[in-house]
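Need the complex rebuilt from these two chains, each delivered in its own frame; the hints are there to steer you.
Chain by chain, the residues run as shown.
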Amino acid sequence: KAGVTQTPRYLIKTRGQQVTLSCSPISGHRSVSWYQQTPGQGLQFLFEYFSETQRNKGNFPGRFSGRQFSNSRSEMNVSTLELGDSALYLCASGADGTGELFFGEGSRLTVL
Amino acid sequence: KQEVTQIPAALSVPEGENLVLNCSFTDSAIYNLQWFRQDPGKGLTSLLLIQSSQREQTSGRLNASLDKSSGRSTLYIAASQPGDSATYLCAVRASLGGATNKLIFGTGTLLAVQP
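First to last, the protein sequences are chains W and R.
With the first letter of the first sequence counted as 1, position 40 gets the number 40 in my numbering; the numbers rise by one all the way through.
With the first letter of the second sequence counted as 1, position 83 gets the number 1083 in my numbering; the numbers rise by one all the way through.
Chain R with its partners taken away, still in its complex shape (with noise of 0.2 Å):
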């Protein structure tokens, strides 16, 4: 059964840091892995999306890398805006031919940033 953890739960750094967020799974069979933004009370926002076959993907400020064989992925958010406060969230999809959505979520990591 696919596990995802996060790591830390919870984070606060001042305005301008770079930081790191880690995701980890258990099961490597996945068929990408996906990172989301969830502002208080709203819904979640896709920030990257890693296919299983590749080893990192950026946009912006924010830099995903991907290890398969490890199970982990980090989120690397350089420059860091009191707007990047937000929860993160990490989700695997099984790897079963594409033929499912299904996602397994990690727990979160609760970013705060100090202007």
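Next up, chain W with everything else stripped away, as it sits in the complex (with noise of 0.2 Å):
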């Protein structure tokens, strides 16, 4: 069974730039979540679809936002990147009924 799939694996933007992110999680799941994790702040949560619905966001600024597709794949959007942006993003595919989260290996995004 495939795990969650994340692309890209790295990558590098310059400030003012946006950047998408594409998260593709366990077959037969159907809830994703992103995080955000930094040295500074560690993981912090940004935002969880279940069904092609938002079901839940996190604290941070409208420049980040994110859609789930039918079928179940998500992307996340950054938007005028900020040096701060710089994180390793990860997604959450979640397992219905035991709510157990599966990780997969993140997207390092650089802002230059």
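There may be inaccurate statements among the hints.
[Stated by the list, open to error] DSS-like, lysine-lysine: derived pairs with alpha carbons at most 25 Å apart:
1. W:K57 / R:K1001
2. R:K1068 / R:K1001
3. W:K13 / R:K1042
Calculated directly from the structure, the hints in this document are not laboratory data.
Please read all numbers here as calculations on a predicted model, not as lab measurements.
See the structure below:
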């Protein structure tokens, strides 16, 4: 059974640009959530989607957005990038029933 | 507001030792608690999931316990090996009738097992 797939794994952008990250959850999982990990703030919840609907949202500015498609794949977008957006962005796929979360390898974003 | 704390922040032990990692949370109204490991530059690997109604879970050399009333969980690693070296994170999921997969993470314990 394939795990959670995130693309791209690494990317470098400059301030002011925008970026789109993609996440394919484990087959059969309807929930996808996104987290930002930085050395200073640790792991912080961005948002969560379930069956194409945003179910929960963290305390991030509106520059951070996401969506989920009918096949459960999810994308997150960050517009007008700032230096502080440099981080590891992790996607998690949630199993119905147990609620166990499985994470992908992450997308490492560097903003110059 | 739920806060999760992990002690110690870093731990170095010789190979073969048994060790305990601690996790505490401020709000006992949790749905479940999950332990993860993270290798440098990698994603999170799920180790153990404890539902709020459970007291402990075991997988191989790992045993995790949960005491909701005191807001504590421990991860016990038996006979540690150099391959266990990683950052260990605990995370709690709020009790909202299961209507969220939002996790609140601790800051992690960096474990180094010396050969």
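Hint-by-hint comparison with the structure:
Restraint check: the Cα-Cα separation between K57 (chain W) and K1001 (chain R) comes to about 15 Å, which is no more than 25 Å; the hinted pair holds. A C-alpha spacing of about 16 Å is found between K1068 (chain R) and K1001 (chain R), which places the hinted pair at or below 25 Å, so the restraint holds. Taking the CA atoms of K13 (chain W) and K1042 (chain R), the gap is near 20 Å; set against the 25 Å cutoff, the hint holds.
In terms of the numbered hints stated before, the structure departs from none.
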